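S.K.: Please model the entire structure based on the sequences and the hints provided.
Each protein sequence line maps, in turn, to chains S and C. Residues in the first sequence are numbered consecutively from 1, following the numbering used here. Residues in the second sequence are numbered consecutively from 1, following the numbering used here.
There's no promise every hint is true.
[Said to hold, decoys possible] Each pair of labels, with its calculated beta carbon distance range: (1) S/446 <-> C/471: 50 to 60 Å; (2) S/483 <-> C/56: 53 to 63 Å; (3) S/453 <-> C/447: 43 to 53 Å.
[As the list claims (entries may be wrong)] Over the 10 Å line for every Cβ pair with chain C, so calculated as not near, a few chain S residues: (4) 199; (5) 205; (6) 372.
It should be emphasised that the hints constitute simulated quantities derived from the structure, not laboratory data. These numbers were taken from a predicted model, which means no experiment stands behind them. Every residue gets a Cβ at the ideal spot worked out from N, C-alpha and C, and that includes glycine.
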Amino acid sequence: MNLLDLVLFLPLLGFLTILILPKESSRMTAMLLSLAIFVLSLGLLSPFLADTLPAGYQFISNTSWIDSPAIRYHIGLDGLTLWLVLLSTLLTPIAVLISWNYIDHRVKEYFAFLMLLEFGVIGVFVSLDLFLFYVFWEVSLVPMYFLIGIWGHDRRIYAAVKFFLFTMAGSVLMLAAIIYLYNLTGTFDYVSIQQMIQSGALTFTPQTELLLFLAFFIAFAIKVPLFPLHTWLPDAHVEAPTAGSVMLASVMLKMGTYGLVRFCLTLFPNAAHESAPWIGGLAIIGIVYGALVALVQPNMKKLVAYSSVSHLGFVVLGIFSFNQQGLDGAVYQMLNHGISTGALFILVGYLYERRHSLEIAAYGGVATPAPNLSIIFLITTLASIGLPLLNNFVGEFLVLQGAAKANFTWTVFASLGVILSACYMLWLYQRTFYGKTSEAVAHHVPDLTTREWAAILPLVALMFWMGLYAQTFLPAISAQNTAILNQMQRNRVVNAATPAPQTPGVRNAR
Amino acid sequence: MLANFIPTTAEYLGIMPEIILTLAAVLIIFLEAAMKPGRKPMMQWIAVISLGFAIFHALHAPEGIAFQGMLAIDGMANFFRVLVMVAGLLVVFGSSDYLTRENADASEYYALVLFSIVGQCIMASANELIMMFIGLEISSIASYVLAGFLRDDPRNNESALKYFLLGSFATAFLLYGVAWIYGATGSTNLATIHTSLLSGDTGHASLVGIAAALIFVGLAFKLSAAPFQGWAPDVYQGAPAPVSGFMTVGPKAAAFAVLIRIFTLALGSMSDRWLPIFWGVALATMLVGNLAALWQTNIKRMLAYSSIAHAGYVLVAVAANSGTGSAAAMFYLAAYAFTNIGAFTIVAHFARKGEKYVAIEDLAGLSQKQPALAAMMTVFLLSLIGVPLTGGFFGKFYIFKAALDSNLVWLTVLGLLNSAIAAYYYLRILVVMYMKEPGESTDNLPVASPLLQVAIFGSAIMTLVLGILPGWVLDFATRASQ
Numbered sequence: 001m002n003l004l005d006l007v008l009f010l011p012l013l014g015f016l017t018i019l020i021l022p023k024e025s026s027r028m029t030a031m032l033l034s035l036a037i038f039v040l041s042l043g044l045l046s047p048f049l050a051d052t053l054p055a056g057y058q059f060i061s062n063t064s065w066i067d068s069p070a071i072r073y074h075i076g077l078d079g080l081t082l083w084l085v086l087l088s089t090l091l092t093p094i095a096v097l098i099s100w101n102y103i104d105h106r107v108k109e110y111f112a113f114l115m116l117l118e119f120g121v122i123g124v125f126v127s128l129d130l131f132l133f134y135v136f137w138e139v140s141l142v143p144m145y146f147l148i149g150i151w152g153h154d155r156r157i158y159a160a161v162k163f164f165l166f167t168m169a170g171s172v173l174m175l176a177a178i179i180y181l182y183n184l185t186g187t188f189d190y191v192s193i194q195q196m197i198q199s200g201a202l203t204f205t206p207q208t209e210l211l212l213f214l215a216f217f218i219a220f221a222i223k224v225p226l227f228p229l230h231t232w233l234p235d236a237h238v239e240a241p242t243a244g245s246v247m248l249a250s251v252m253l254k255m256g257t258y259g260l261v262r263f264c265l266t267l268f269p270n271a272a273h274e275s276a277p278w279i280g281g282l283a284i285i286g287i288v289y290g291a292l293v294a295l296v297q298p299n300m301k302k303l304v305a306y307s308s309v310s311h312l313g314f315v316v317l318g319i320f321s322f323n324q325q326g327l328d329g330a331v332y333q334m335l336n337h338g339i340s341t342g343a344l345f346i347l348v349g350y351l352y353e354r355r356h357s358l359e360i361a362a363y364g365g366v367a368t369p370a371p372n373l374s375i376i377f378l379i380t381t382l383a384s385i386g387l388p389l390l391n392n393f394v395g396e397f398l399v400l401q402g403a404a405k406a407n408f409t410w411t412v413f414a415s416l417g418v419i420l421s422a423c424y425m426l427w428l429y430q431r432t433f434y435g436k437t438s439e440a441v442a443h444h445v446p447d448l449t450t451r452e453w454a455a456i457l458p459l460v461a462l463m464f465w466m467g468l469y470a471q472t473f474l475p476a477i478s479a480q481n482t483a484i485l486n487q488m489q490r491n492r493v494v495n496a497a498t499p500a501p502q503t504p505g506v507r508n509a510r
Numbered sequence: 001m002l003a004n005f006i007p008t009t010a011e012y013l014g015i016m017p018e019i020i021l022t023l024a025a026v027l028i029i030f031l032e033a034a035m036k037p038g039r040k041p042m043m044q045w046i047a048v049i050s051l052g053f054a055i056f057h058a059l060h061a062p063e064g065i066a067f068q069g070m071l072a073i074d075g076m077a078n079f080f081r082v083l084v085m086v087a088g089l090l091v092v093f094g095s096s097d098y099l100t101r102e103n104a105d106a107s108e109y110y111a112l113v114l115f116s117i118v119g120q121c122i123m124a125s126a127n128e129l130i131m132m133f134i135g136l137e138i139s140s141i142a143s144y145v146l147a148g149f150l151r152d153d154p155r156n157n158e159s160a161l162k163y164f165l166l167g168s169f170a171t172a173f174l175l176y177g178v179a180w181i182y183g184a185t186g187s188t189n190l191a192t193i194h195t196s197l198l199s200g201d202t203g204h205a206s207l208v209g210i211a212a213a214l215i216f217v218g219l220a221f222k223l224s225a226a227p228f229q230g231w232a233p234d235v236y237q238g239a240p241a242p243v244s245g246f247m248t249v250g251p252k253a254a255a256f257a258v259l260i261r262i263f264t265l266a267l268g269s270m271s272d273r274w275l276p277i278f279w280g281v282a283l284a285t286m287l288v289g290n291l292a293a294l295w296q297t298n299i300k301r302m303l304a305y306s307s308i309a310h311a312g313y314v315l316v317a318v319a320a321n322s323g324t325g326s327a328a329a330m331f332y333l334a335a336y337a338f339t340n341i342g343a344f345t346i347v348a349h350f351a352r353k354g355e356k357y358v359a360i361e362d363l364a365g366l367s368q369k370q371p372a373l374a375a376m377m378t379v380f381l382l383s384l385i386g387v388p389l390t391g392g393f394f395g396k397f398y399i400f401k402a403a404l405d406s407n408l409v410w411l412t413v414l415g416l417l418n419s420a421i422a423a424y425y426y427l428r429i430l431v432v433m434y435m436k437e438p439g440e441s442t443d444n445l446p447v448a449s450p451l452l453q454v455a456i457f458g459s460a461i462m463t464l465v466l467g468i469l470p471g472w473v474l475d476f477a478t479r480a481s482q
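M.R.: Below, the structure written as structure tokens:
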């Protein structure tokens with residue numbers, strides 16, 4: 001039992017504890033437990049803060065879960081997943097805090113589901129066994145389905161069911177591919193499969209590799225979401241309660257991009273290279289399309305949701321540039337998007353709690369009654385646009401640089417997204433916070449409370465920190481990305497050197 | 001020579017479960033006639049205790065061919081016998097409240113359940129076509145009566161009559177097929193049929209082909225496989241809810257045991273002929289079940305269509321035609337047994353007198369009135385969808401793993417997409433339970449009695465155990481399939 005096991009299973013314990021304890025104590029239990037988990041998870045940083053970064057996985061647990069077929073409880077942490085786990089553990093207490101008054105009915109179930117969600121997403125990030133990964137992937141679906149469906153807005157049921165079905169449809173194909181890999185190799189273990197490919201013991205025909213790649217890719221692309229598979233996202237975001245939107249945007253979308261980096265690149269490098277032009281194209285369409293649609297939204301939450309489609313397009317573009325800068329930028333952008341879009345959803349939620357409307361037209365002149373709220377909103381807006389000194393700038397810059405190395409045309413079009421993001425975000429800000437203050441706004445929109453400050457300040461601090469001193473975060477990410485790119489390169493060479501056999505199969509394996 | 005025909009002790013021990021259950025059922029019928037009406041609760045305990053002993057004996061039965069090759073007491077027989085008996089046990093626990101409420105608290109009910117289980121046990125261990133037929137008849141006739149147990153209820157009568165007429169028709173097909181097999185091979189013993197087919201002295205090959213087709217039709221009816229599934233929704237909807245739960249599990253599992261034995265053992269040498277048909281039927285069954293279930297508003301009818309779809313998944317495992325395929329089918333049937341009996345028990349409890357509340361919408365807001373009951377239903381529904389950490393997930397996983405082992409990539413992909421379609425109609429129940437406000441139907445729902453709770457919680461715990469620690473059941477199934 002190491003620290004990572006503890007961080008993984010405490011949320012599950014929290015889920016059960018909250019269910020057992022009376023509902024008056026649900027809020028406090030969730031708050032204390034999620035804070036404790038966050039503090040514990042900071043301990044995960046220790047090996048990565050050393051002068052020489054550790055190679056390979058840290059905090060490994062590897063025991064048998066089921067003997068036959070060989071399914072193992074194999075978890076570990078590396079420079080890529082470290083930050084994603086910390087992002088999840090940081091956002092959970094914040095999600096609890098912003099739901100404190102917002103959730104007034106069926107409180108117990110709500111906080112229980114939040115903890116279960118944390119369990120699922122941490123599990124996705126730390127699993128090193130494909131089967132275990134799939135289990136967590138599906139488990140994380142259930143609490144989010146309930147969070148949207150029970151505590152959401154008017155069209156919540158439609159949005160919840162759509163969310164579940166989209167993800168499920170994609171993931172069953174991934175399950176088929178995982179089983180297919182098992183039948184070839186006799187193991188679900190990601191590290192072992194990876195080594196088999198590297199040693200040339202496992203080779204695919206180009207056609208098989210492409211099909212396996214697509215099975216994984218589609219599951220991830222739905223989750224990211226990549227254009228044209230994004231249609232569930234605006235519905236889910238708009239209908240979800242604030243904390244649901246935050247967890248969905250900040251953490252759950254990253255499950256998709258994480259999967260692309262971890263599995264699609266290293267296991268199927270040739271297919272990834274072959275499809276990169278198409279995927280890059282879709283990412284760029286997503287960037288521009290998401291931004292254009294965001295521009296014309298009358299509903300702020302929908303605007304932020306479409307801006308997510310645009311931002312996640314950058315991440316995918318960076319990943320499929322296959323170079324250090326692109327990949328570093330993509331991973332950094334995953335974290336940035338988690339922080340700044342999470343903050344945007346929180347702030348939109350604050351406005352909604354005051355005015356009970358998400359329509360931009362219902363606001364105007366908010367800066368007068370609520371100056372602090374407007375300042376925070378402004379910082380977050382600027383971060384989201386990618387203003388230098390704030391976090392998104394670093395990520396977007398690296399992505400564009402990486403993309404330029406891979407294909408300069410990509411950069412030209414992707415830059416459009418940066419410009420457009422300034423248009424829709426600043427316009428949103430102008431319409432909401434400036435102008436004439438109406439009676440309703442003046443009366444119903446007070447400034448931030450202490451609890452609200454407490455929830456948003458950590459994120460604002462991180463925006464500055466990640467923008468000013470990326471050195472804290474980037475070395476671990478870069479080291480891991482170098483390893484991934486090396487693996488990818490080696491696996492390509494191996495595949496090119498050994499002509500693929502007529503039927504895919506294992507040689508010298510086991 | 002005569003000495004050879006006297007059964008040994010081991011042979012008697014092998015069929016001890018059947019002997020115990022038959023004696024218990026007969027005892028119940030005698031006591032029912034002899035005893036005063038007030039003492040009736042005892043009967044149900046007779047059933048429970050006898051099932052307990054029978055399960056114990058099935059787990060410790062000496063393996064081997066018994067009674068001159070009539071029965072094969074092997075791992076597969078024991079697996080299926082334990083499966084149907086455990087299912088029967090849960091049904092007995094889940095029925096008593098229902099029967100009292102419907103003023104039908106007659107002990108014959110338990111006797112019939114036991115007889116039905118005896119038939120299924122014989123089907124599971126039969127090594128010979130005539131024994132299979134006898135087992136099938138014992139099981140079916142008891143089920144026909146059970147389907148119409150509330151004799152004043154017109155829906156029960158409809159259900160029983162439909163089941164009886166169509167079931168007899170299907171049995172006739174089966175028997176006709178047995179006759180053709182005998183004509184072609186000169187035997188009804190599965191092992192002999194197998195060797196005689198291998199040696200090739202069976203006359204014209206199409207004779208055996210026709211025989212196989214006839215037997216398949218008879219069994220496909222019992223499995224509610226498309227295109228012979230038409231009876232299932234009406235029968236399961238009309239029958240008393242606990243009986244529907246039992247009928248979707250026990251007789252189906254036994255019919256699958258027979259199917260696996262006949263087709264993979266006796267007719268294994270001509271698998272290239274029947275496999276394509278199995279693939280097609282499996283796909284059609286999944287599609288018909290899932291697509292029809294999408295439109296249902298009655299929860300019993302929806303679960304009936306869902307049980308058709310699940311038979312389709314199990315057929316995929318059988319169509320994989322391998323040891324892992326058979327093991328996957330067995331594991332799936334076990335997981336499905338707990339899941340479905342649990343779901344039907346909740347439906348029976350919720351329906352109340354006269355099965356008044358069986359619309360899906362009636363479950364509105366259950367999670368707010370009785371959170372524990374709603375949580376149990378959620379476990380069952382997630383297992384039916386196939387979400388990880390439930391038995392249903394591992395069942396699907398093993399089935400599609402076996403199918404991919406046999407290179408059935410297209411069937412796997414279509415089957416998995418089917419399970420994604422299916423998620424929609426199960427989610428509808430979750431939506432109603434958790435996301436709608438409670439109405440009159442949930443307001444006055446009494447708390448489940450302790451016996452019901454045993455059935456519901458027992459099923460839920462087993463569903464979760466099979467989803468978290470599936471190893472031991474899978475080992476049992478894997479040993480059984482060899």
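S.K.: Can the suggested window of 43 to 53 Å be confirmed for the beta-carbon pair residue 453 of chain S and residue 447 of chain C?
M.R.: holds, 46 Å
S.K.: Quick check for students: does the CB of residue 199 of chain S sit more than 10 Å from each CB in chain C?
M.R.: Label holds. Min Cβ-Cβ 24 Å, cutoff 10 Å.
S.K.: Between residue 483 of chain S and residue 56 of chain C, does the C-beta distance stay in 53 to 63 Å?
M.R.: With Cβ atoms ~56 Å apart, the hint holds.
S.K.: Taking the shortest Cβ-to-Cβ distance between residue 372 of chain S and chain C, state whether it exceeds 10 Å.
M.R.: holds, 36 Å
S.K.: Holds or violated: is the Cβ of residue 205 of chain S farther than 10 Å from all Cβ atoms of chain C?
M.R.: Fine: 13 Å to the nearest Cβ keeps residue 205 of chain S off the interface.
S.K.: Lying within 50 to 60 Å: is that true of the beta-carbon distance residue 446 of chain S to residue 471 of chain C?
M.R.: holds, 58 Å
The structure fails none of the hints (numbered hints given earlier).
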